[in-house]
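These protein sequences, in sequence, are chains A and B. Per the working numbering, the first sequence starts with residue 1, numbered consecutively. Per the working numbering, the second sequence starts with residue 1, numbered consecutively.
Think of the hints as simulated: they come from the structure by calculation, not from any bench. C-beta atoms are modelled at their ideal positions from N, C-alpha and C, and glycine is treated no differently. One should not assume that every hint holds.
[Claimed, not checked] Calculated Cβ distances over 12 Å to all of chain B for the following chain A residues: (1) T64; (2) T77; (3) T79; (4) N122; (5) R228; (6) I234.
[Stated by the list, open to error] Quick list of in silico lysine-lysine cross-link-like pairs, PhoX-like style, CA-CA up to 20 Å: (7) B:K368 / A:K96; (8) B:K285 / A:K76; (9) A:K115 / B:K285; (10) B:K368 / A:K76; (11) A:K113 / B:K368.
[As the list claims (entries may be wrong)] Cβ-Cβ distance ranges computed for the label pairs, FRET-style: (12) A:F167 / B:L31: 42 to 50 Å; (13) A:M1 / B:S255: 32 to 40 Å; (14) B:E339 / A:K59: 53 to 61 Å; (15) B:S88 / A:V166: 46 to 54 Å; (16) B:K327 / A:E238: 46 to 54 Å; (17) B:N264 / A:Q94: 26 to 34 Å.
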Amino acid sequence: MSVYCGLDIGSLQAKGILLRDGHPLFRTIFPTGGNAPETAKKLFQALLEGAEISSDEVKTIVATGYGRISVPFATKTVTEITCHARGIAHFLPQAKTLIDLGGQDSKAILLEKGKVMDFVMNDKCAAGTGRFLEVMAQSFKLTPWELGELSLQAKNEVSISATCTVFAESEVIGLIARGLPREEIARGIMSAIAQRIAGMVHRLGLEEPVAMSGGVAQNPGVVKALERELGVSILIPEEPQMIGAWGAALIAQEYA
Amino acid sequence: MNLGNFVQAKLQDGSAIRLLRSPWIYRFLSLFLRSQGPSVRFSFHLARDAYLKRKPVAFTSLFFPTELVYALGMIPFPLEVIAALISSMGMAVPFLKKAEEEWYSQDLCSFHRLGMGLALQDHLPQPDVVLSLTSLCDGSHRFFYNVSRLFKVPHFLIEVPGNGGKKDQEYIVRQLKRTRMELEALLERKIKKSDWEESLGYSNSLREELLKIYELQAHVPCPVSGEAALGNVGLIFTCAGSRWGPELISAWRKSIRENASPENYRLFWLHLRPYYPAPIFAFLKEKGVSIVGDELSNYIWPLLDPRNPELSLSSKIYANFGLGPIKNRIDNIVRLVRERKAQGVVSSSHRGCRQSTGGAFLLKEALKEKGIPCLILDGDCVDPRELNWEQMRTRIEGFLEIL
Numbered sequence: 001m002s003v004y005c006g007l008d009i010g011s012l013q014a015k016g017i018l019l020r021d022g023h024p025l026f027r028t029i030f031p032t033g034g035n036a037p038e039t040a041k042k043l044f045q046a047l048l049e050g051a052e053i054s055s056d057e058v059k060t061i062v063a064t065g066y067g068r069i070s071v072p073f074a075t076k077t078v079t080e081i082t083c084h085a086r087g088i089a090h091f092l093p094q095a096k097t098l099i100d101l102g103g104q105d106s107k108a109i110l111l112e113k114g115k116v117m118d119f120v121m122n123d124k125c126a127a128g129t130g131r132f133l134e135v136m137a138q139s140f141k142l143t144p145w146e147l148g149e150l151s152l153q154a155k156n157e158v159s160i161s162a163t164c165t166v167f168a169e170s171e172v173i174g175l176i177a178r179g180l181p182r183e184e185i186a187r188g189i190m191s192a193i194a195q196r197i198a199g200m201v202h203r204l205g206l207e208e209p210v211a212m213s214g215g216v217a218q219n220p221g222v223v224k225a226l227e228r229e230l231g232v233s234i235l236i237p238e239e240p241q242m243i244g245a246w247g248a249a250l251i252a253q254e255y256a
Numbered sequence: 001m002n003l004g005n006f007v008q009a010k011l012q013d014g015s016a017i018r019l020l021r022s023p024w025i026y027r028f029l030s031l032f033l034r035s036q037g038p039s040v041r042f043s044f045h046l047a048r049d050a051y052l053k054r055k056p057v058a059f060t061s062l063f064f065p066t067e068l069v070y071a072l073g074m075i076p077f078p079l080e081v082i083a084a085l086i087s088s089m090g091m092a093v094p095f096l097k098k099a100e101e102e103w104y105s106q107d108l109c110s111f112h113r114l115g116m117g118l119a120l121q122d123h124l125p126q127p128d129v130v131l132s133l134t135s136l137c138d139g140s141h142r143f144f145y146n147v148s149r150l151f152k153v154p155h156f157l158i159e160v161p162g163n164g165g166k167k168d169q170e171y172i173v174r175q176l177k178r179t180r181m182e183l184e185a186l187l188e189r190k191i192k193k194s195d196w197e198e199s200l201g202y203s204n205s206l207r208e209e210l211l212k213i214y215e216l217q218a219h220v221p222c223p224v225s226g227e228a229a230l231g232n233v234g235l236i237f238t239c240a241g242s243r244w245g246p247e248l249i250s251a252w253r254k255s256i257r258e259n260a261s262p263e264n265y266r267l268f269w270l271h272l273r274p275y276y277p278a279p280i281f282a283f284l285k286e287k288g289v290s291i292v293g294d295e296l297s298n299y300i301w302p303l304l305d306p307r308n309p310e311l312s313l314s315s316k317i318y319a320n321f322g323l324g325p326i327k328n329r330i331d332n333i334v335r336l337v338r339e340r341k342a343q344g345v346v347s348s349s350h351r352g353c354r355q356s357t358g359g360a361f362l363l364k365e366a367l368k369e370k371g372i373p374c375l376i377l378d379g380d381c382v383d384p385r386e387l388n389w390e391q392m393r394t395r396i397e398g399f400l401e402i403l
């Protein structure tokens with residue numbers, strides 16, 4: 001039986017999955033690093049080794065993510081917009097709005113039966129992305145996940161006024177230095193991200209149910225802040241960071 | 001440094017433009033002129049006549065009716081078109097930086113910032129007058145006013161109000177007549193009946209040629225390059241009223257090959273395009289996208305009547321469907337999308353352009369209601385520093401996947 005491969009070469013992480021008959025054979029994640037073509041090659045090799053198959057058994061490879069054009073051995077390239085939509089339709093077919101928060105970009109996607117009807121992307125600014133969260137967490141000497149957890153302990157929040165990542169970092173360092181409660185600053189950071197994303201979602205027109213994918217969807221602080229900001233519950237698939245790769249593999253299967 | 005590197009360096013820092021003031025350059029270039037197409041010959045004549053001051057020079061804004069300029073024996077020097085030209089040659093950044101150093105904010109339209117950079121670096125010819133319209137562009141009249149102060153020449157502003165009703169047209173006619181009379185006094189030259197006949201006649205011929213191009217754009221597959229059409233917007237507005245107008249558009253039409261390559265997508269383009277070297281059109285071609293029209297090169301005006309020139313020009317000004325309520329623009333876009341059998345619309349949202357970005361959301365919503373997908377492509381037409389190609393590519397590709 002043929003095997004299908006989805007490779008999602010993101011700005012921070014490269015994710016890969018092999019499917020056989022719609023079921024995962026093997027999946028893995030690598031840091032993308034500075035050489036996307038080399039990472040894609042190593043990722044594919046690791047998938048083959050993990051699944052204990054040869055490359056001849058892989059019928060179709062679909063590459064997605066910002067590094068999709070750096071995968072010369074891909075059968076087809078598809079944008080992460082379509083791949084995340086296809087992936088979420090597999091796990092949460094009821095979703096009508098998808099928020100994909102990745103390393104360096106954020107997207108709101110309007111879905112109808114798993115098809116993309118419209119989308120909005122962030123522009124020229126990393127606020128509201130995984131990178132923003134990383135920079136903010138560094139100010140606290142925490143991981144992004146720990147920062148999210150910390151924010152959940154707060155009852156109130158300290159408002160972060162700067163939207164630029166660099167200015168927001170200085171503002172947060174200043175707030176920490178003033179001795180303001182760390183959990184309240186953390187919650188302020190989560191709200192700043194949520195406000196930015198909610199703006200994009202409302203531009204499209206919020207339609208429930210809302211789902212979330214991408215690495216940032218694993219952060220409990222961001223999810224909670226987004227639920228507060230949008231006034232809805234957000235559905236999170238089991239491995240939100242793998243949704244793009246899943247979608248790519250499913251498209252590879254349909255394309256074959 | 002070899003000659004190639006020297007020329008490239010001079011082009012990049014913009015100092016090569018100073019050579020345009022030397023008569024020797026034109027003598028040298030004229031040796032090669034006969035073998036060139038009409039757009040090169042037109043640019044040569046425009047630069048020579050303006051920089052060597054062979055004729056009175058009018059700095060003009062994009063939509064100013066150049067028929068009046070040609071009828072007065074002047075030459076229009078369209079600063080926004082020149083900015084696009086400089087950008088297309090990869091020379092924009094030093095001039096943008098110069099304007100920014102002089103407090104022209106990066107939030108302002110880069111066509112005007114670049115124009116101001118050229119003026120501040122003394123790279124423009126000395127104008128005799130500055131002529132502008134308030135049509136569409138809200139920043140242009142302030143920019144042109146500043147330019148007129150810098151060059152110490154009069155600025156004539158035509159204010160374009162409302163929707164083009166009878167009273168609005170009468171107001172424009174009065175302003176055009178007053179401007180014409182003041183210019184006649186300034187230049188000591190009266191416009192004769194034959195001047196209007198010639199100028200408006202050329203404009204009517206240009207119109208006829210454009211209609212033939214529009215007809216070709218509706219063909220499936222579309223034989224007209226959208227990149228070329230968007231590139232010709234400046235020429236269409238600069239040549240109206242001169243012999244170059246019909247000649248240029250006729251040459252363009254003749255260069256179009258009827259046997260177009262197969263197409264995967266047909267899109268209609270709104271506003272202008274990025275002029276600086278960018279992979280966008282090569283990418284669209286690779287994806288099999290035909291740009292089957294754009295709103296600015298699809299500017300068609302009623303036939304002009306030399307017996308009533310100011311009223312005719314007023315009608316031409318109001319033929320711009322970007323004027324008045326946004327419903328005018330939406331209705332015309334929907335009509336053109338249907339006529340050209342386009343599957344979707346790309347709205348190029350030029351940073352700093354309030355009229356374009358301000359209406360983008362309303363436009364997208366209205367098109368959505370009509371079942372026409374619309375991609376709002378944020379970016380800048382002139383400033384290459386604003387290009388994030390990876391993001392732009394994902395947006396375009398994602399949009400094509402929806403289609």
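Comparing the hints with the structure gives:
1. Not every CB of chain B lies more than 12 Å from the CB of T64 (chain A), the least distance being 10 Å, so the non-interface label is violated.
2. The claim that T77 (chain A) lies off the interface is violated: its Cβ sits roughly 8 Å from the closest Cβ of chain B, which falls inside the 12 Å cut-off.
3. With a least beta-carbon separation of about 4 Å from chain B, T79 (chain A) fails to lie farther than 12 Å from that chain, contradicting its non-interface assignment.
4. For N122 (chain A), the shortest C-beta to C-beta distance to chain B comes to about 8 Å, within the 12 Å cut-off, and the non-interface label is violated.
5. Chain B leaves R228 (chain A) outside its interface by the beta-carbon criterion, the shortest separation being 25 Å against a cut-off of 12 Å.
6. The claim that I234 (chain A) lies off the interface holds: its Cβ sits roughly 22 Å from the closest Cβ of chain B, which is beyond the 12 Å cut-off.
7. For the hint linking K368 (chain B) to K96 (chain A), the alpha-carbon distance of about 17 Å falls within 20 Å, and the restraint holds.
8. At roughly 18 Å between alpha-carbon atoms, K285 (chain B) and K76 (chain A) fall within 20 Å of each other, so this suggested pair holds.
9. The straight-line distance between the Cα atoms of K115 (chain A) and K285 (chain B) is roughly 25 Å, outside the 20 Å bound, and the hint therefore fails.
10. A distance of roughly 29 Å separates the Cα atoms of K368 (chain B) and K76 (chain A); the hinted pair therefore is violated under the 20 Å criterion.
11. At roughly 18 Å between alpha-carbon atoms, K113 (chain A) and K368 (chain B) fall within 20 Å of each other, so this suggested pair holds.
12. Range check, F167 (chain A) to L31 (chain B): about 57 Å between beta-carbon atoms, so the 42 to 50 Å window is missed.
13. In this structure the supplied range 32 to 40 Å is violated for M1 (chain A) paired with S255 (chain B), their Cβ-Cβ distance being about 55 Å.
14. Range check, E339 (chain B) to K59 (chain A): Cβ separation about 44 Å, and the 53 to 61 Å hint is violated.
15. For S88 (chain B) and V166 (chain A), the hinted distance range of 46 to 54 Å is not satisfied, since their beta carbons lie about 33 Å from each other.
16. At about 48 Å, the beta-carbon gap between K327 (chain B) and E238 (chain A) stays in the expected band of 46 to 54 Å.
17. N264 (chain B) and Q94 (chain A) have their C-beta atoms about 32 Å apart, which keeps the hinted 26 to 34 Å range intact.
Hints 1, 2, 3, 4, 9, 10, 12, 13, 14 and 15 from the earlier list are contradicted by this structure; the remaining hints agree with it.
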